[in-house]
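Could you build all of it, start to finish, from the sequences and the hints given here?
Chains as they are written, first to last, in the working numbering: chain W, 1 to 324; chain V, 325 to 631.
If a hint is listed, it holds; no wrong ones were tucked in.
The list that follows gives simulated cross-link-like pairs (lysine-lysine, DSSO-like), each with its CA atoms no further than 27 Å apart:
1) K212/W with K131/W
2) K405/V with K381/V
3) K376/V with K405/V
4) K405/V with K269/W
5) K536/V with K550/V
6) K131/W with K327/V
Since the hints were made in silico from the structure, they are not lab data.
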Amino acid sequence: MTAGTSPRPSAAAPEVKLPAQGPTSLWADAWRRLLRNRAAVVGMCFIGFMLFVAIFADLLAPYPYWQQDVANQFQPPSQEHLFGTDHLGRDVLSRLIYGARVSMAVGFIVQGIIVVIGVPVGAAAGYFGGKLDQILMRFVDIMYSFPDLLLIIIVMTALRAATGRDDVGGILWLLARADDLFGGLLGVFIALGLTSWLTVARLVRGQVLSLKEREFIEAARAVGAGHFRIIRAHLVPNTLAPIIVAVTFGIPGAILTEAALSFIGLGVKPPMPSWGLMILDGYRAMRAYPHLLLFPAAALSLTVLSYNFFGDGLRDALDPWMKQ
Amino acid sequence: MWKYALRRILLLIPTLLAVYTLVFILFHLTPGGPWDRERPVPQTVQEYLNAKYGLDKPLWEQYVNYLVGVVTRFDLGPSYKYTHLTVRDIIFQFFPNSIQVGLIAMAVAVTLGVTLGVLSAIRQNTLLDYTLMFFAIFGATVPTFVVGPLLVWLVILTLGVGLPTGGWGTPRHLILPVITLALGPMAILARYTRSSMLEVIRADYIRTARAKGLPDRLVIIRHALKNALIPVVTVAGVILAVVITGSFYVEFIFSIPGIGQYFVTSVSNRDYPVLIGVSLLFATVIAVMNLIVDLTYGFLDPRIRYQ
Chain W
1 MTAGTSPRPS AAAPEVKLPA QGPTSLWADA WRRLLRNRAA VVGMCFIGFM LFVAIFADLL
61 APYPYWQQDV ANQFQPPSQE HLFGTDHLGR DVLSRLIYGA RVSMAVGFIV QGIIVVIGVP
121 VGAAAGYFGG KLDQILMRFV DIMYSFPDLL LIIIVMTALR AATGRDDVGG ILWLLARADD
181 LFGGLLGVFI ALGLTSWLTV ARLVRGQVLS LKEREFIEAA RAVGAGHFRI IRAHLVPNTL
241 APIIVAVTFG IPGAILTEAA LSFIGLGVKP PMPSWGLMIL DGYRAMRAYP HLLLFPAAAL
301 SLTVLSYNFF GDGLRDALDP WMKQ
Chain V
325 MWKYALRRIL LLIPTLLAVY TLVFILFHLT PGGPWDRERP VPQTVQEYLN AKYGLDKPLW
385 EQYVNYLVGV VTRFDLGPSY KYTHLTVRDI IFQFFPNSIQ VGLIAMAVAV TLGVTLGVLS
445 AIRQNTLLDY TLMFFAIFGA TVPTFVVGPL LVWLVILTLG VGLPTGGWGT PRHLILPVIT
505 LALGPMAILA RYTRSSMLEV IRADYIRTAR AKGLPDRLVI IRHALKNALI PVVTVAGVIL
565 AVVITGSFYV EFIFSIPGIG QYFVTSVSNR DYPVLIGVSL LFATVIAVMN LIVDLTYGFL
625 DPRIRYQ
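So, in structure tokens, the structure goes:
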């Protein structure tokens, strides 16, 4: 994997006939290999379905997720409520649909934050080395000796304590109002983003370390490319494949972490639905109403499973040499 | 090797110091304090409590005092919430329970995970292999807070098996929590064992062993498994640390009096000493496990040399 672009037929030799399938770029090859992996395709379809549900939640949900109906608590699945109702008489299907939006948003936005922080830091550390690199690696060592979830719990509680009071002002007040607007999700984004970019930074650093000694970087330097250009145009594009794989596996990780936080009351703020919160409610009511547990548990499990099958397939497709 | 081990142990000091500093700063920077309650505590009482626990002193003094107490007397401080207990009491009383569940779960996970991994590898690309690996992905991805409630629903409520749904004391109380906690590590270990076995059984010395006419079973167990287990051991060590420090959800679902519960309640109660004490404990467990893993690695594979 040395280039991300396809070799083009040169204009000087128009006679050369290309194979019928046209030029094969790295990405086209990877795509073909991915489609041959049945589990990955099934996973991809389910993820597509969940994204569709998340985007069009407002149109698909039969009821508002917050609408309570105290006369109809704990209804079993019926025609009016396909998946039944919960302890406040809210429609379970609607809450699952909006829960999909929460989960997908968490997965994608957290990974976005991680890439935005992790890639530049990792690339700079690997390329320039020296002090920056040492500080980063020491920091990584320290963070790795701390259980992820516990660190996130601490950061989350600190954030909630900082923004949860009425007498705060300035930036904290702004943060608190924005957090309310997103139903408590802003805090989740920040806590997860701040604690998990290190893995991507380390990955990119390792890739850059091994790439920067290669001939094509030397060639770029020889023709006068600056540091920034070499990193942006030559090094980062060549680390894309492992970054994409890491992000694909990171999305279900973030989804699970949000669910875990919501399960202990540190995630979304009610009435915002979250699959984790619904699993907690279902766990409390499962003796009499197991459907309250089973539906959200199935939604969460199937989604993270799909991402893992898709990620497995993607890894094999992007790096055919790894699977021997 | 001893030099290497010593250097790693010395490296533990700055790591723990950093964890302490991080937790200390994070919690003292945020507004509010340990005496925030639904009904506000009177000003005079707050002042009295602050004086009693040294919270009225400047921050740097609090930082140093606590550190000195930990280093010289192994005094992790009192709990603000459970006033009759010190942090050391809490750790000694509840951490063994977490270790017990963790170790049993890990023993189950290693035994079953390695067995299933080997089975999967020697029957590669059969229905058995596919089925096992499908369940391995399932076990490795679905978290304990989903597995636990589902198990209770399936085993107790649906199949009607007479097991307690929670509590502590008899071996029967351990069955469901151990299964819940063991499932993930078991799946991960099975996957590792399988891929490592597949690599090893293609090696020349395995062909030699077969050519000598040794029975299959002997070749697999005595020759292949021995080498295939090296990467598995390292993963198992890291997972053990994660299992012991991360059993909070299992403790919550099955009402087990473990340290994880105290950790999470200490966060919301802003019980600083408990929080810092348990953080330091967890960081130590993880760092020590990592060290043991690295040393075992060299012991199992003589080709590795430490510098």
